[in-house]
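Colleague: Chains as they are written, first to last, in this note's numbering: chain R, 160 to 663; chain X, 160 to 663.
If you're looking for bench data, these hints aren't it; they were derived computationally from the structure.
No incorrect hints appear here.
All copies of an identical chain are treated as equivalent in the list; a pair is satisfied when it fits inside any one copy or across any two copies.
With a cut-off of at most 30 Å between alpha-carbon atoms, the simulated DSS-like pairs for lysine-lysine come out as follows: (1) Lys217 / Lys262; (2) Lys217 / Lys256; (3) Lys162 / Lys262; (4) Lys217 / Lys168.
2 protein chains.
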Amino acid sequence: MAKYDEQYKELLNRCKEVNTIGSCAGLLGWDERTYMPRAGAASRATQISYLSGLAHEKFVDPRIGELLAELEQSPLVKEQFSDTAVNIREIRHDYDKSVKVPKELVEELSHTRTMAQGIWAEARKELNFPKFLPWLEKIIKLDLRLADCYGYKKDPYDALLDNYEPGATFETIGKVLADFRKDLVPIVAAIIDSPKKPNISIIERDYPVERQAMFGQSAAAAIGFDFSAGRLDITTHPFCSGIAPGDTRITTRYNPRHFGQAFFGILHETGHGIYDQGLKHEHWGAPLGDSVSLGIHESQSRMWENLVGRSRSFWRHFFPRAQQMFPEALQGVKFDDFYFAINDVRPSYIRVEADEVTYNVHIILRFEIEHAFLNGEVKPSELPGLWNEKFKQFFGITPRNDAEGCLQDVHWSMGYIGYFPTYTLGNLYSAQFFAKAKQDIKDLDEQFARGEFLQLKKWLNTNIHEHGKRYRAEKLVEVVTGKPLSHQPLIDYLKSKFGELYGI
Amino acid sequence: MAKYDEQYKELLNRCKEVNTIGSCAGLLGWDERTYMPRAGAASRATQISYLSGLAHEKFVDPRIGELLAELEQSPLVKEQFSDTAVNIREIRHDYDKSVKVPKELVEELSHTRTMAQGIWAEARKELNFPKFLPWLEKIIKLDLRLADCYGYKKDPYDALLDNYEPGATFETIGKVLADFRKDLVPIVAAIIDSPKKPNISIIERDYPVERQAMFGQSAAAAIGFDFSAGRLDITTHPFCSGIAPGDTRITTRYNPRHFGQAFFGILHETGHGIYDQGLKHEHWGAPLGDSVSLGIHESQSRMWENLVGRSRSFWRHFFPRAQQMFPEALQGVKFDDFYFAINDVRPSYIRVEADEVTYNVHIILRFEIEHAFLNGEVKPSELPGLWNEKFKQFFGITPRNDAEGCLQDVHWSMGYIGYFPTYTLGNLYSAQFFAKAKQDIKDLDEQFARGEFLQLKKWLNTNIHEHGKRYRAEKLVEVVTGKPLSHQPLIDYLKSKFGELYGI
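All chains should be built: construct the whole structure from the sequences, respecting the hints.
Modeller: Structural data, given as structure tokens:
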């Protein structure tokens, strides 16, 4: 046993070393997007690529393979969900994926991504899909080679999806998403047809940036973000970066003529940040100190942004405070009108600007198309036509050009096939978790109305964050809610909330 | 030859790798002092110590020793000051120092420094020298062991001084500093005795911080700091960090009731920054792309801060602009009164608050004491008495306690014996360089008065910065000015400037 303990300790130390290197690269990446002077870009690329290469080199060290092989024969893996078994299982998962990809493919992917991203940006600007087409074809071919390296049972899509949502397969999540789509599209249609519309001009008034920053920061602190262990800065593309224990950084951008963009953006990134801050420090650097998946991460951001942050009870507390902070914009505005305005639903072309209902339709569209790409059911050249056809089918409108159609997102140019569904999985998880939290904490809405959010935060800490990667997402949903993932809680939530708002 | 070229290339690549790691640590260190959330301190310590350890490990790789041994037999070292010979010479210098210190001593020093620094801070606060004494004794013993590891010809002090001012010895600089002291002390005495005194209340009025920031930033840009390749931030202890090519960061702190602290601080750090920005990018990571020494670095900061920044001609341009920026404080103030106020000279207890004349006396006092420590001429326990005695001798006043006496500086608690003289060396170099620049550029003062500083900056780029470490400081002074280092240019400058101001 002493031998295994030694080996396990060595394995974790090696894993922590890799993560220490990664955390340095994390800070460099944060700085690149916040404060780095322009001319530092080339040096920064050298620094980050050096650290990434070093972390990879340390992680694919054959010694890690030896340790894993030994430990997988040991009593440490006996109990499936014990600390030791979980760490060994997840390090094995990542190790196998890392060693299976030959260096030559890693380099070709990295190079192609950089090139394709540049071409994509030009093609989008020039409304020139044919310019991007050869790169999209190349990316799909490389992603298929990547899937072959990883290996898969039925569907190459599964091998890539596993990078973002470990253990998920097209079969399992495809069914949930298809069922969800079936129930969702009629809701969207009903909302579009409803004569009731919010007065969104309320939130498109002057909201001075400094006061938005104060208000957003106070809300982030109120829901539980620890600013002694984190920061909020400004970037063009908001993000959350959990750099290391005690150091979680979120960003936003302010629009002086819009209340919601920064505010809900801050709640969203705060949700990610609270997850990162809720991971157990003593497990940092090992899978038990890491988040489950992109989908579970997104469930935390979406919960605070939408299920909490766009709820009536949340605004019972915050609306009077918003009126004090922004008297010019909000004096005399009725609560119900404000509440309706921040819950405006309408079809739109651009995913990142979509509301909480239609957002999922955007995702399902992409999910169906990228799966069809990988399985050869659709050729990349058919993308614009297929996109617009599906869009018309889902939303009743057709993009006027590819910039507001199939060229809007950066993901495919980066080779991130399998990434999109995690956004909607996040929404599905969040609704199912939130329904359970509401069962467990009877007076949650009353608490929110009093400005009390820490009991929900604690519930999330205990039930989700502190497990780290103990359970894969699919299992975690069952452990937390007692049921497998279902689209029903999200549909119920949307029907109830928007049914009332839109009188449907 | 091809073999040597290969070996030289490998040597530089290894050197660049070490410096890439160092540059990552540099950014982490900058962030630690600017934006890092409080709770991130422990993680940051882990990250930086990991990277430092890694850089050390890579640098003491025996392969570097092999390459050096081969290359030192090659034609690449034939021309003493050729690119190849210089890089090989300086890598050898640093390599030898690195491999000579056993890991056990490195660790003991590192640990003792951390402890001693904490104890020093407490002792200073409590005015409790005896509390610090055992740590000072330990530090001196460890520094002596360090000197023994490095080796030296005559004086253990030389081995440590070489860490900060490579190639300098007590014999060479001790003589210059002693001569300097002899001429300086009477000047200080005469200024103290002079009935003429500036009205310093002029610069101790309300100077709003935001406007100080704008004004300081515009001055930094005017003298040549490239803000597209650098930043200015706020920290408690101002510094300059040349992180990587294209990324040089300076900091300052603002006192809303003092004009000069931030402004001259910014000019000072800008001087360091201009040096870093002036190093040749193509040599980055090799000695030819690195600064000569702390003394030469300080010569650049001091030149812009004092010789330029406190000159009449500089303020011919900037004073009307300062009056516009700070009308409440400066309207109606006469040019000569302002100029005298920013050149106030008076004895003071605290080095970091001292003016450009008395500053050097503070340094010489420390230099004499620390040299006596190492040579056993003075026991650490005798420090407070000796300090106060010398202070009285130099300034005619006695510190009221050790916080404004021998406990004021952090350096000795960090083991930085040999560091202090580089401050005054910087002043001496700066005066000698500046005298030469004035010879080479006849109308320098007229240029300054017109707000033109870029010809001086270019002169510094060409004559000093772009050489990197081609010449050691001693040699560089000769190459640039045609003469060995002398205290005369600084004495001449001080006599002329302050003679006029104080009528002596």
